[in-house]
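Number of protein chains: 4
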Amino acid sequence: MSDPTKRADEVDSDVAARVRDSFARQGLMAHLGAELAELSSGRVVIRLPYRDELTQQDGFFHAGASSAIADSAGGYAGLTVFPAGSSVLTVEYKINLVAPARGEHLEAVGSVIRSGRTLTVCQLEVFAVAGSERTLVAVGQQTLFCLPAKS
Amino acid sequence: MSDPTKRADEVDSDVAARVRDSFARQGLMAHLGAELAELSSGRVVIRLPYRDELTQQDGFFHAGASSAIADSAGGYAGLTVFPAGSSVLTVEYKINLVAPARGEHLEAVGSVIRSGRTLTVCQLEVFAVAGSERTLVAVGQQTLFCLPAKS
Amino acid sequence: MSDPTKRADEVDSDVAARVRDSFARQGLMAHLGAELAELSSGRVVIRLPYRDELTQQDGFFHAGASSAIADSAGGYAGLTVFPAGSSVLTVEYKINLVAPARGEHLEAVGSVIRSGRTLTVCQLEVFAVAGSERTLVAVGQQTLFCLPAKS
Amino acid sequence: MSDPTKRADEVDSDVAARVRDSFARQGLMAHLGAELAELSSGRVVIRLPYRDELTQQDGFFHAGASSAIADSAGGYAGLTVFPAGSSVLTVEYKINLVAPARGEHLEAVGSVIRSGRTLTVCQLEVFAVAGSERTLVAVGQQTLFCLPAKS
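Residue numbers (our numbering), protein chains in the order written: chain V, 9 to 159; chain Y, 9 to 159; chain X, 9 to 159; chain A, 9 to 159.
By construction, these hints were calculated from the structure, which means they are not laboratory data.
From the three backbone atoms N, C-alpha and C, an ideal C-beta is built for every residue, glycine too.
Some clues are possibly wrong.
Unchecked claim - Estimated spans, in silico, between C-beta atoms of each pair:
#1 X:93 x V:43: 42 to 52 Å
#2 Y:22 x A:48: 40 to 50 Å
#3 Y:124 x X:92: 54 to 64 Å
#4 A:92 x V:107: 42 to 52 Å
#5 A:60 x Y:124: 46 to 56 Å
#6 V:139 x X:94: 33 to 43 Å
#7 Y:112 x V:141: 39 to 49 Å
#8 Y:107 x A:92: 20 to 30 Å
Using the sequences and the accompanying hints, generate a full structural model.
Structure below.
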């Protein structure tokens, strides 16, 4: 039964727990220093503070860092709308790197565009935050596969 | 002048040096533990040994790790065919994750499909190597921008 | 000089004329029966009425028809924000077909996400309209190249 | 039982019939003037002769025409490796337009890269043929969905 006290976009506490557990098991997210920043139904935000260990050759965030948190944000956004017990796999994604990714941290936003029984499509956006400025640095589109719970 | 002793697909030593220098400046490649494994004209291979710090929630290599080395392999493949002094930017890429990425190491192969004055298109392939088995785990396509040398 | 009587999102009459002229020269748009339906700064809508000549094997609109109008809508959306005299080339696009495209007509919406000097990124959406229902059937992302006016 | 007289890449006659029947039902392919040119296991070629009705604003083949035949070539390449009675849906594709598409005809080649139970990934290539010259004008990657036979 869904929780009658939660807001429309709020996720059930078991969904939140499922996402947090899975995120905590991703060695790469810890290794990069990424944090799960926001979690609502169909939308997840991951934050990644700047470190020299995340750069490309000019000292900006590497596209691989932006992409890694974008992919995870989209994947977990999908997981919030999947049936209980499901797992999520990324089928594919496409990402445009539209500006140099410089700033104190990155914020990747994954948002479900359309959710089907097997496949779900998400929008991916990555912003670089420098002081009070928030610049779109990457935008993408992702296809997810919902792996049903094993019975 | 091009070196008359090199093979057709061999890169000039200054091109090789340019790629190795740029790779060495990528904080993320070192942080992941990636190595530049092969370098020829229009083709670069990057190798990434397994570590728990590179995993997704099921213990396989994270798509973000596969993508990061695929993006770098393609970018450097492009750089080998660019005019001297140019830099490379990734405009966008698309990647399909076609099998679980498990094994002792990953190998990302970036190959130039078509090179233009401003834009270059590369094929990206990532293989997982486990003992004597080599499995295609990701395949993609990437658009690069050639930033000419500043005069 | 920009026209002081036009709305913020309105395009100058010469931009509108440039888009309409180019659209009229596209043999394929006429052959498919597509019409330029809306035109504002950074956003273009193309409408495509149903015909048996546009179908795939199950009688729905063919993905090729959806894609063709999506690509043109994005390209012209880009052209509305390019400097006078520029031309537009599609570098690449990616499109997800998220629902069967059935209805009386399709509507492709191209919207500029970020515009640079050389490259511009657009969002592509295609809706199928059946009576009062409007269903998202495709969503994509496109990279455009701005070819400057020949001097 | 598979036919012992056929070559490794030859398709069973029922598979060939299934592809030809489906192609013949695609109103758009006939409307564009496209022909099924080659058909082997995991690889399909579609040919599209030049007509003024297929052009973009500069008189070359419209990207929408290239994409439509590329999408169909990939889809049917997938269908040749699917279990009997299956149908094929395009999940998404990405295509780079790498050269102006001018010539007497286009040739779209769809090739299966990796085939899974539910999802299959194809490479898409489009060549423009002008006299004895054959130029790569588009290259892409496509994800297909195998819809099992209804029991």
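Results for each hint:
no.	hint	verdict
1	X:93 x V:43: 42 to 52 Å	holds (48 Å)
2	Y:22 x A:48: 40 to 50 Å	holds (45 Å)
3	Y:124 x X:92: 54 to 64 Å	violated (25 Å)
4	A:92 x V:107: 42 to 52 Å	holds (50 Å)
5	A:60 x Y:124: 46 to 56 Å	violated (28 Å)
6	V:139 x X:94: 33 to 43 Å	holds (34 Å)
7	Y:112 x V:141: 39 to 49 Å	holds (43 Å)
8	Y:107 x A:92: 20 to 30 Å	holds (25 Å)
When each numbered hint is compared with the structure, violations occur for hints 3 and 5.
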